[in-house]
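Chemist: Single-letter residue listing:
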Amino acid sequence: AQSVTQLGSHVSVSEGALVLLRCNYSSSVPPYLFWYVQYPNQGLQLLLKYTTGATLVKGINGFEAEFKKSETSFHLTKPSAHMSDAAEYFCAVSAYSSASKIIFGSGTRLSIRP
Amino acid sequence: EAGVVQSPRYKIIEKKQPVAFWCNPISGHNTLYWYRQNLGQGPELLIRYENEEAVDDSQLPKDRFSAERLKGVDSTLKIQPAELGDSAVYLCASSSGLAEGNEQFFGPGTRLTVL
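Chains as they are written, first to last, in our numbering: chain A, 1 to 114; chain B, 1 to 115.
Be a bit skeptical, because a hint or two may be false.
Chain A residues, not near chain B, derived (Cβ > 12 Å throughout) [as the list claims (entries may be wrong)]: (1) LEU7; (2) SER9; (3) GLY16; (4) LEU18; (5) VAL19; (6) LEU20; (7) LYS58; (8) GLU64; (9) SER70; (10) SER73; (11) THR77; (12) SER84; (13) ILE103; (14) SER111.
Distance ranges between label pairs, derived from CB positions [claimed, not checked]: (15) ARG64(B) x ALA54(A): 44 to 50 Å; (16) GLY40(B) x PRO114(A): 36 to 42 Å; (17) PRO114(A) x PRO61(B): 40 to 46 Å; (18) THR76(B) x ASN41(A): 19 to 25 Å.
Everything labelled a hint here was simulated from the structure, so no lab data went into it. Since the structure is predicted, the reported quantities are computational estimates derived from the model, not experimental observations. The beta-carbon is built from N, C-alpha and C at its ideal position, and this holds for glycine as well.
Same shape as in the complex, but just chain A (with noise of 0.2 Å):
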């Protein structure tokens, strides 16, 4: 079974500083993971995803992640926050043995102070 554990509902940060959204998971077996983004009364849109290969991850709007195996972790990073990425941020996992179905978190979310 998988399951994913978010640490933090509300992280605040002020425009221009790191953006760091920390992310735990548990996986019996080789895991899928992803991070999404929830803008206000929006579905979710996929930010990066890790599945093989490098650890690092690069996603859009300059998001990147880095798989820790050791750690069990797969923290969200953005070196510098923009207003826009005011929004809730969900840590995902899944199976690679069955990789349609999503573990969601509870989501954090993320506010910019000008």
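Starting from the structure of chain A, add chain B where the hints point.
Modeler: Positioned in the frame of chain A, the structure of chain B alone reads:
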């Protein structure tokens, strides 16, 4: 290319009334998902279709929820009768099953309020 289309976007009903949500997936996507997203939480899978077959409905409350995907394209999710606890956003997603990692594309959702 059009994304996943859902309607209505918002629905307000009184408890014990029926309600239905409609989803049109991205053209060519064989897999369709219905999720429920409660306030402040991540989406939770209700049902997954491969073409017209429901392959995972283990989390669907079958006493009041039903879904169908006739002809393997559009899908409808129904609640009858609705309860106060059904207030949530209902998201539809689709995937082609071809992309590594099986990326899912989400619609904007239907926000249901049960009074």
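Chemist: Give a verdict on every hint.
Modeler: Hints and how they fare:
no., hint, verdict
1, LEU7, "holds (14 Å)"
2, SER9, "violated (7 Å)"
3, GLY16, "holds (28 Å)"
4, LEU18, "holds (24 Å)"
5, VAL19, "holds (19 Å)"
6, LEU20, "holds (19 Å)"
7, LYS58, "holds (15 Å)"
8, GLU64, "holds (16 Å)"
9, SER70, "holds (21 Å)"
10, SER73, "holds (17 Å)"
11, THR77, "holds (20 Å)"
12, SER84, "holds (18 Å)"
13, ILE103, "violated (8 Å)"
14, SER111, "holds (15 Å)"
15, ARG64(B) x ALA54(A): 44 to 50 Å, "holds (46 Å)"
16, GLY40(B) x PRO114(A): 36 to 42 Å, "violated (25 Å)"
17, PRO114(A) x PRO61(B): 40 to 46 Å, "holds (44 Å)"
18, THR76(B) x ASN41(A): 19 to 25 Å, "holds (22 Å)"
Of the hints listed earlier, those the structure fails to meet are numbers 2, 13 and 16, in rising order.
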